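Novice: Each chain, letter by letter, is given below.
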Amino acid sequence: MPRRKKHKEIFAQGNEAVVEGALMAGCSFYGGYPITPSSEIMEIMANRLPLTEDGVFIQLEDEIASMGAVIGASLAGRKAMTATSGPGFSLKQENLGYACMAEAPLVLVNVMRGGPSTGLPTSPAQGDVQQARWGTHGDHPIIVLSASDVQECLEMSITAFNMAEKYRTPVILLIDEITAHTREKIKIPHPNEYEVVSRIVPSMPPEWYKPFEETVRGVAPMPPLGSGYRFHVTGLTHDVNGFPTSRPDEVVDLMERLHRKIDQFFYDIQLYEELQTDDAEVVVIAYGSVARSAEYAVLQAREAGVKAGLLKLKTLFPYPRRATEKILGQAGRLVVPEMNMGQMSREVKRVACGRASIRTINRIDGQIIAPSEILKVIMQG
Amino acid sequence: MKNQIDLQRFEIRFSGLGGQGIITLGRVMGAGLALGHGYNVTQTQSYGPEARGGSSRCDLVISTERISFPKAENLDLLVALSQEACNTYYPYLKQGGVLVLESDLVAQPPTNHYLALPFTRMAKDKIGVPQAMNTIVLGALSRLLPFARQTVMRKSMEEALPAKIRAVNVKAFNLGFREARKHFGETPAAWEAMAAEAEKLEKKAKPAAQKKK
Chain A
0 MPRRKKHKEI FAQGNEAVVE GALMAGCSFY GGYPITPSSE IMEIMANRLP LTEDGVFIQL
60 EDEIASMGAV IGASLAGRKA MTATSGPGFS LKQENLGYAC MAEAPLVLVN VMRGGPSTGL
120 PTSPAQGDVQ QARWGTHGDH PIIVLSASDV QECLEMSITA FNMAEKYRTP VILLIDEITA
180 HTREKIKIPH PNEYEVVSRI VPSMPPEWYK PFEETVRGVA PMPPLGSGYR FHVTGLTHDV
240 NGFPTSRPDE VVDLMERLHR KIDQFFYDIQ LYEELQTDDA EVVVIAYGSV ARSAEYAVLQ
300 AREAGVKAGL LKLKTLFPYP RRATEKILGQ AGRLVVPEMN MGQMSREVKR VACGRASIRT
360 INRIDGQIIA PSEILKVIMQ G
Chain B
0 MKNQIDLQRF EIRFSGLGGQ GIITLGRVMG AGLALGHGYN VTQTQSYGPE ARGGSSRCDL
60 VISTERISFP KAENLDLLVA LSQEACNTYY PYLKQGGVLV LESDLVAQPP TNHYLALPFT
120 RMAKDKIGVP QAMNTIVLGA LSRLLPFARQ TVMRKSMEEA LPAKIRAVNV KAFNLGFREA
180 RKHFGETPAA WEAMAAEAEK LEKKAKPAAQ KKK
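In the order they appear, the protein sequences are chains A and B. Per numbering that gives the first Met the number 0, the first sequence starts with residue 0, numbered consecutively. Per numbering that gives the first Met the number 0, the second sequence starts with residue 0, numbered consecutively.
Worth double-checking, as some hints may not be accurate.
Going by beta-carbon spacing under 8 Å, a handful of chain B positions derived as facing chain A [claimed, not checked]: (1) R26; (2) G29; (3) A30; (4) N39; (5) T41; (6) Q44; (7) Y46; (8) G47; (9) T63; (10) S67; (11) F68; (12) P69; (13) K70; (14) E72; (15) A147; (16) L174.
Distance ranges between label pairs, derived from CB positions [said to hold, decoys possible]: (17) B:N111 / A:L119: 34 to 44 Å; (18) A:G118 / B:E201: 15 to 25 Å; (19) A:P243 / B:P161: 16 to 26 Å; (20) B:E64 / A:K375: 21 to 31 Å; (21) A:L119 / B:A189: 49 to 59 Å; (22) A:G54 / B:P108: 45 to 55 Å; (23) A:K7 / B:Y91: 50 to 60 Å; (24) A:G118 / B:P161: 32 to 42 Å; (25) B:A166 / A:R301: 24 to 34 Å; (26) A:R320 / B:G95: 46 to 56 Å; (27) B:A192 / A:I187: 28 to 38 Å; (28) A:G380 / B:E201: 43 to 53 Å; (29) B:E64 / A:P243: 55 to 65 Å; (30) B:P161 / A:E255: 28 to 38 Å.
Just so you know, these hints were derived from the structure itself, not from any lab. For clarity, every value in this text was computed on a predicted model and none was experimentally measured. Yeah, the Cβ is synthetic: ideal placement off N, Cα and C, and Gly gets one too.
Isolated chain B, as found in the complex:
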């Protein structure tokens, strides 16, 4: 399929507290990558019996091939939105994997190789809705992941949400994307090959689009 780079089991884990919207985040991102980009994606979840508090976790496996085992084991990207989640899942991050943290909620990062933004504070101060925190993360990741395209992810998010909260979430998504561009810097070293491939595809796609006009 076009607009797709070759991916072999790229594994993402979102983790944090129940009520932070972690499973919704995984679902929206999974739908974007599966339906918008055409990858094979499995999204699995694990949560405690509590409605709020407790721990929550959501795994995404993304691949161009058929995915047999649906859970994540060797993480390429770990998003930890609480200190406990960070402590629990950091050991599963693979060599060169990327760690994204909520800088206010994770006071002790386990390593100096991490990317962090105060997602919850941003949601409260700049969007006015603390619940929009997960959408800010989605926006930031759309910038960070070389194979995710901003427009496709945003469209997928809009389709997944009810009309009355759509505008607020688009605002949050764009904020996350902007902040990530400002603070996350260049593509992480381990993903450079992927980014190069994605760029090549983009260049190839563009002249074709112009010809059509």
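Next comes chain A alone, as it looks inside the complex:
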């Protein structure tokens, strides 16, 4: 038997791990505008991308333009990404809607900092959760992922690209300042240890190609611009050929397909982790860096003899309803700690429909929620 090669280990920040994961997933375009606490992603991309085979890095005049460039690169066949934080995320929203409509696969990383507005540039928060879901206007489906430690930043960065390519949709990766700036030892997986998904390109003759055709998965093949397949892209509601339409039947077809391509794959998209939930009477539902405090609190509660468990959300939207339902069957109490005024606990309450008592722990002062705060609520019984 061949000896397994040892993994390369590095001592890296969450931001570095995001870049590492993106490059492993085949990212070859970055269009950005720097903003604390996401700047390292851009800095490292500026170093690394030009060294890859066909990598392109551009700094643009602002966040609006950078999002436009990323959509353009995506339509030209590149796996493209950008990263930003609070105020920049707001600026990207309009073009994010365009990406949803044009079905341009891309990854948008948002390192959350204290808000609103310029807020607390160097402090952590989780205040952009609902904005990530509903920030751009119109009834749009979107995938929002999160990561709680540095190794997970790498893994979720790869996952984000894979989901974007698989479902032809923008994917938002939400991390917070703590995860982004924590340095930890991480293992770089070997190339055969992770999956890399790429978009399906059309195989029919160009004259038969319909860019927004109905398919079983709801995802049409996507050629790079300039490869002989001609297609029209617009933000207006369009027909299967990509040209504007306001015929109600065609509008419904498009909108339903946009939702269906995500909805019918909930099992594939909704990622979560459970810790000691099998017999838990009180379950903490957490995500991002707060999930680490929650893990510590849950283990301490177990030591004290309380049956506590943790449901860590890795996909935030579409909200992992089934995972929550499963817990609601057995746990009478849920605790939802988050660094905002209760954005994710709304979702938990919506799913719970009064079937469990839900306690929220909210912090908006730019400080992480300490394990002791969560433990206190768990123990209150």
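Put chain B on the given structure of chain A with help from the hints.
Specialist: Coordinates of chain B only, in the frame set by chain A:
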């Protein structure tokens, strides 16, 4: 893993002013302990929006187990390089924890149990580069911490720095190590068990190494 003693959440906080190189110090030390020694380490930071001045803080949590909560709460070691940092973070030091001060910048130590060296003055007078102050601290801590090995830490530091400032920093590191041996005295009481374990490991490792030859 070999050369490792059992550690359960050993927490270190470096604190001081922005521009003193506190986060670099934490990063280099974290890399040394994580990659060189093989411990699980998390390094987190907190700083103001200013480029210089302002406050700066860097936390290291070191453990043989997986680290869930990445920030420090009960400090085993507090390094305070300014009076304000010392005042702010001294209450978080655990019973028997060790306080290391910059003796010129911290005029009022909050207790008589502390270790101090004039790191900034040493950097200016003996190295000639005031920016090398953080490396002197790193050298001193490599002597002080029972689980850190001088050679490993120095190698990790050399790997983290660009070539043109490497020589100066090796000089600063060695100075810090020497001065700590001279002035910091024996291992602090709370860490004696750790030091004994580390020594035992060292003894065990040595005969094995000789056999190989």
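Novice: Each of the hints needs a verdict: does it hold here or not?
Specialist: Going down the list of hints, with the structure as the test:
1. Because the beta carbon of R26 (chain B) sits about 6 Å from the nearest beta carbon in chain A, less than 8 Å, this interface hint is met.
2. A distance limit of 8 Å between C-beta atoms decides the matter here; for G29 (chain B) the minimum to chain A is near 6 Å, and the interface restraint holds.
3. At a threshold of 8 Å, the smallest CB-CB gap from A30 (chain B) to chain A is about 4 Å, leaving the interface hint in force.
4. The beta carbon of N39 (chain B) is positioned within 8 Å of a beta carbon in chain A (closest approach about 7 Å), and the interface hint is therefore held.
5. For the restraint placing T41 (chain B) at the interface with chain A, the shortest Cβ-Cβ distance is roughly 5 Å, inside the 8 Å limit, so the hint holds.
6. Interface hint at Q44 (chain B): satisfied, since its Cβ lies 6 Å from the closest Cβ of chain A, which is below the 8 Å cut-off.
7. With a least beta-carbon distance of about 6 Å to chain A, the hint placing Y46 (chain B) at the interface is held under the 8 Å criterion.
8. Taking 8 Å as the C-beta cut-off, the interface hint given for G47 (chain B) holds, the closest approach to chain A being about 7 Å.
9. Taking 8 Å as the C-beta contact cut-off toward chain A, the hint placing T63 (chain B) at the interface is violated, the least distance being around 12 Å.
10. Interface hint at S67 (chain B): satisfied, since its Cβ lies 4 Å from the closest Cβ of chain A, which is below the 8 Å cut-off.
11. Checking F68 (chain B) against chain A by beta carbon gives a least distance of about 4 Å; that is within 8 Å, so the hint holds.
12. For P69 (chain B), the interface hint holds, the least distance from its beta-carbon to any beta-carbon of chain A being 5 Å, beneath 8 Å.
13. The interface hint given for K70 (chain B) is met, as the beta carbon of that residue sits about 6 Å from the closest beta carbon of chain A, less than 8 Å.
14. Because the closest C-beta pair between E72 (chain B) and chain A is about 7 Å apart, less than 8 Å, the hint holds.
15. With 8 Å as the threshold, the beta carbon of A147 (chain B) stays out of range of chain A, its nearest partner Cβ sitting at about 15 Å, so the hint is violated.
16. With a cut of 8 Å, the hint placing L174 (chain B) at the interface with chain A is violated, because the nearest CB-to-CB distance is about 25 Å.
17. The supplied range of 34 to 44 Å is met by N111 (chain B) and L119 (chain A), whose beta-carbon atoms lie about 38 Å from each other.
18. Between G118 (chain A) and E201 (chain B) the C-beta distance comes to about 50 Å, which lies outside the given range of 15 to 25 Å.
19. Separated by about 55 Å at the C-beta atoms, P243 (chain A) and P161 (chain B) break the suggested range of 16 to 26 Å.
20. At roughly 23 Å, the beta-carbon separation of E64 (chain B) and K375 (chain A) lies within the given 21 to 31 Å, and the hint holds.
21. At roughly 36 Å, the beta carbons of L119 (chain A) and A189 (chain B) sit outside the given window of 49 to 59 Å.
22. At about 53 Å, the beta-carbon gap between G54 (chain A) and P108 (chain B) stays in the expected band of 45 to 55 Å.
23. Judged by the Cβ atoms, the range 50 to 60 Å given for K7 (chain A) and Y91 (chain B) is violated: they are separated by roughly 35 Å.
24. Checked against the hint of 32 to 42 Å, the C-beta distance between G118 (chain A) and P161 (chain B) comes to roughly 34 Å, which is consistent with it.
25. For the pair A166 (chain B) and R301 (chain A), the supplied restraint of 24 to 34 Å is violated, since their beta-carbon distance comes to about 52 Å.
26. Distance hint check for R320 (chain A) and G95 (chain B): the Cβ-Cβ separation is about 49 Å, which falls inside the suggested range of 46 to 56 Å.
27. Under the hint 28 to 38 Å, the C-beta atoms of A192 (chain B) and I187 (chain A), about 36 Å apart, fit the expected range.
28. Distance hint for G380 (chain A) and E201 (chain B): a CB-CB separation of about 49 Å, consistent with the stated range 43 to 53 Å.
29. With their beta carbons about 59 Å apart, E64 (chain B) and P243 (chain A) fall inside the hinted range of 55 to 65 Å.
30. Between P161 (chain B) and E255 (chain A) the C-beta distance comes to about 57 Å, which lies outside the given range of 28 to 38 Å.
The structure is inconsistent with the numbered hints 9, 15, 16, 18, 19, 21, 23, 25 and 30, although it conforms to all the rest.
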